[in-house]
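**Q** Sequence order for the protein chains is A and B. In case it helps, my numbering puts the first sequence at residues 13 to 145. In case it helps, my numbering puts the second sequence at residues 13 to 145.
These are calculated hints, taken from the structure and not from any lab test. Honestly, I wouldn't trust all of these hints.
A pair counts as met if it fits within one copy or between any two copies, since identical chains are not told apart.
Dumping the calculated BS3-like pairs for lysine-lysine here, alpha-carbon to alpha-carbon at most 27 angstroms [as the list claims (entries may be wrong)]:
| no. | residue 1 | residue 2 |
| --- | --- | --- |
| 1 | 26 | 37 |
| 2 | 60 | 37 |
| 3 | 26 | 78 |
| 4 | 60 | 26 |
| 5 | 78 | 60 |
| 6 | 78 | 37 |
Given next are the chains, with one letter for each unit.
Protein chains: 2
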Amino acid sequence: MPTLTAAQRRELEKIEFDAFMAECKSRELLETLSSKWVALILSALREKGALRYNELARTIAGASQKMLTQTLRGLERDGMVTRTVEPTVPVSVTYGLTPLGASLAELVSSVKTWAESNMVDVIAARAEYDDRA
Amino acid sequence: MPTLTAAQRRELEKIEFDAFMAECKSRELLETLSSKWVALILSALREKGALRYNELARTIAGASQKMLTQTLRGLERDGMVTRTVEPTVPVSVTYGLTPLGASLAELVSSVKTWAESNMVDVIAARAEYDDRA
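Can you build the whole structure from these sequences, using the hints too?
**A** Listed below in structure tokens is the structure:
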């Protein structure tokens, strides 16, 4: 789809997106956003500012190059991440957050922090559940 | 693992969980939480209060019974959702949020709302990206 015209945008603005609806575009977007890699990448860029590819890879331990590259490309296409190429030798590529990406990063990094902060409660709940079962 | 003793819990409280680490338990928990079904179930229970299974299935259009049942069981085991069985004929099963689940529901429902509210910006960004490519 080519760049939206103002009229096309106005038409889209009229839609009430609702992710509870199976066929709604926002359900698909929610699925894309519901990814630990998205949460980790956006959290890293939020905490540390713009990062080179290698710095990002070091921060997010255990992410394969393929997964990182694919997720970054998706985030760039969705308007959440900027990709800046400097003509050094070899070229250096830096990733940063757009304002749209920064607004989402705030939310997904709070989910990451929640997982870290409530891990013991979850472990305790699992142990109790398994005990009852 | 059987129900935690106070001493076991104190030991776990000393750990600094960090989802940027590949082997950290919180990375695995972040993966479990990063699911559109988790986001939709917790958002539904947050918006509507406790719900019977069928009401939940109606709210989250297009979720298969298998997916819904599996996700609910995981959320129950993780201490986020309560499952109450009433001895009617046929038995009626009601799901609700625990305080732990309510605290997560607040965060994931904000991601769902973000997807709905920013859909047009994302569509516009994709169109622009594809135009450049």
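**Q** Determine for every hint whether it applies to the structure shown.
**A** Against the structure, the hints:
no.: 1; hint: 26 / 37; in the structure: within (14 angstroms within a copy, 43 angstroms between copies)
no.: 2; hint: 60 / 37; in the structure: between (31 angstroms within a copy, 23 angstroms between copies)
no.: 3; hint: 26 / 78; in the structure: neither (37 angstroms within a copy, 35 angstroms between copies)
no.: 4; hint: 60 / 26; in the structure: between (37 angstroms within a copy, 26 angstroms between copies)
no.: 5; hint: 78 / 60; in the structure: within (22 angstroms within a copy, 40 angstroms between copies)
no.: 6; hint: 78 / 37; in the structure: both (26 angstroms within a copy, 23 angstroms between copies)
Hint 3 from the earlier list is the only one contradicted by this structure; the remaining hints agree with it.
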